[in-house]
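K.L.:
In order, the protein sequences belong to chains A and B. The first sequence begins at 551 in this note's numbering and counts up one residue at a time. The second sequence begins at 15 in this note's numbering and counts up one residue at a time.
These are calculated hints, taken from the structure and not from any lab test. All values reported here derive from a predicted model rather than from experimental measurement. Check before you lean on any hint, since a few could be wrong.
Claimed, not checked - In silico DSSO-like pairs for lysine-lysine, Cα to Cα no more than 30 Å straight-line:
#1 Lys247(B) with Lys641(A)
#2 Lys53(B) with Lys65(B)
#3 Lys774(A) with Lys600(A)
#4 Lys641(A) with Lys65(B)
#5 Lys247(B) with Lys638(A)
#6 Lys57(B) with Lys638(A)
#7 Lys46(B) with Lys57(B)
#8 Lys42(B) with Lys54(B)
#9 Lys806(A) with Lys600(A)
#10 Lys806(A) with Lys156(B)
#11 Lys774(A) with Lys57(B)
#12 Lys247(B) with Lys65(B)
Stated by the list, open to error - Restraint-style ranges between C-beta atoms, simulated for each label pair:
#13 Asp17(B) with Phe797(A): 29 to 39 Å
#14 Arg322(B) with Pro671(A): 16 to 26 Å
#15 Thr833(A) with Arg115(B): 26 to 36 Å
#16 Glu741(A) with Gly118(B): 53 to 63 Å
#17 Gly796(A) with Glu315(B): 51 to 61 Å
#18 Leu793(A) with Trp246(B): 52 to 62 Å
#19 Cys601(A) with Pro78(B): 49 to 59 Å
#20 Leu308(B) with Arg652(A): 27 to 37 Å
#21 Lys832(A) with Gly303(B): 43 to 53 Å
#22 Gln134(B) with Arg790(A): 47 to 57 Å
Using N, Cα and C, we set each Cβ at its ideal position, and we do this for glycine too.
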Amino acid sequence: MWFRQKKKPEVPSGEERAVRVPEGLWTKCESCGQIMFSQTVAENGQVCPKCNYHFRISARERLEALFDEGAYEEFDSEVAPADPLEFKDSKRYADRIIQYQRQTGLKDAVINARGTMGGVPVIISAMEYAFMGGSMGSVVGEKITRAAEEALRRRAPLVVISCSGGARMQESVLSLMQMGKVAAALARLHEGRVPYISVMTDPTTGGVTASFAMLGDVNLAEPKALIGFAGPRVIEQTIRQTLPEGFQRSEFLLEKGMIDMVVHRSQMRATLVSLVQKFTGKTG
Amino acid sequence: MKDPRDFERPIQEIEAQIENLALFGEDKSRDKEMAALRKKLEKLRREVFAKLTPWQTVQLARHPKRPYSLDYIQAMFTDWQELRGDRRFADDPAIVAGFARFRGRPVCVVGHQKGRDTKQKIYRNFGMPKPEGYRKALRIMKMAEKFRMPIFTFIDTPGAYPGMDAEERGQAEAIAVNLEAMARLRTPILITVTGEGGSGGALALGIGDRINMLQFSIYSVISPEGCAAILWKDAAQAETAASALKLTAQDLLRLGLIDRVIEEPLGGAHVDPAAVFQALEGVLAEELGELSGLEPEDLFERRYQKFRAMGAYLDAEQGEAAKAKGPAPKPA
Ligand SMILES: [Zn+2]
């Protein structure tokens, strides 16, 4: 079992829907309603043993689960958000930043890490949904760009694990331009023939999907993840009808030819290891 | 909600008065009155447009009389030949693409296209492209690279079409692929935002070497209405959201995201389109001249650095002096 116990339970923000109910011992499945020992769910890689629902996990849990021995070296951890537009809605963006930084212990919604997978040096950028819904502002754009540049420098495969509601409105057009910036960095990575694997998890929507998430040499997705450009509610408003069951879910995208594989969380590491070993010519 | 274009009403009233007077035969007192009205009109326009709010700018960017891409193509280019279809699924009339001549030189032109009347609006899907539109644009832009032609793009869209069919056919993939491919094209790309720069649907034609915006055009990650609905939980707060989003051409210039603002006549591009076409053509000719001398690899590298520099964040590891990257952010 390569999943480790969480060091500390992540605190769900007031705004995000709490996916887990970490009332200590017990966990209720969001999908099937089953109440189970938290320990049982954790041992199953935070996947419901009854219905296979993939609970949302933190970026750190993902890094620990994917790298050899769960060991990695974080980089660019000091890159932090500014508030260039002095944005304020019901709350100041500057205050939101501080609140999320306190809650997550992160500067922004992505962690960059170096390590090995199956002995192959790999760069992973893992997005953190608990930080403002994993939204992409200047920091996320900058860090994924740096991860791509680092991957190119070291000729190490890049893996980006997306988990995001899309662009960060509080950075407006600065956040929009991050799509172009990261895509341009991936252009160089692709031209440099360094492998890039995109892993989409629930949810991957908006500007994240419409930039780096869809640009993998290989695009993978966890089961039943919501993946799309426009959000389901926006589409429903446009077409004035309810969307069919399973629309914009991983299995739907697989059928429509947009992703290569739907991979159960328990198989994700093995799948990635096998891919990076093949792409780099290393033996398995 | 009051009509957001109310600010134009006093101007339109005087315009109507002038038009009425023009119907009468020429005589001295009428001429005098008309001259006075024209003066009043000029003064009023100056007053209104001197303190235009971002929300009013949004209305101008969406003005139904504003020139659209095909108007620019007709006015600034010759020998236009539109090419259709993505060779995969369909032709998307929300994007026009093809080849023409710019001051005699063969060039590629791509732009979002809105419709003028109801029938045309529906035909053009209100300027909201589907995946096939982006794929058509890319097919033709790649041809431009192949035949060594520069590319001009004109951006004017509320955004990519948020419908089931568009999602099914990979709207996100189509946009993403355009972003990357445009970063890689070894030919000059000159971008002009003429009206609405609506989110990813705009950016999918927006990666290039020069980015210009017309004075009353906008560029935003989300519509003010959409932003208001999400962040203020009230679409009626669109006016507030429009200010917060910093979506005007002047804002983008200040944020270091675009190269130039093209001035529009008082009242907006639709008041005197010929003046806008002339001004823009001059700017594009100058920019094309600058870019034409560059080696393809140089162009590729510079384009990368251009987008690489976009963003505002703090980086403690780079020390206090190098802390602010991009458009001088204020410390959080
Ligand atoms: Zn379950």
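K.L.:
List in ascending order the numbers of the hints, as given earlier, that are violated by the structure.
P.N.:
6, 11, 15, 16, 17, 18, 20 and 22
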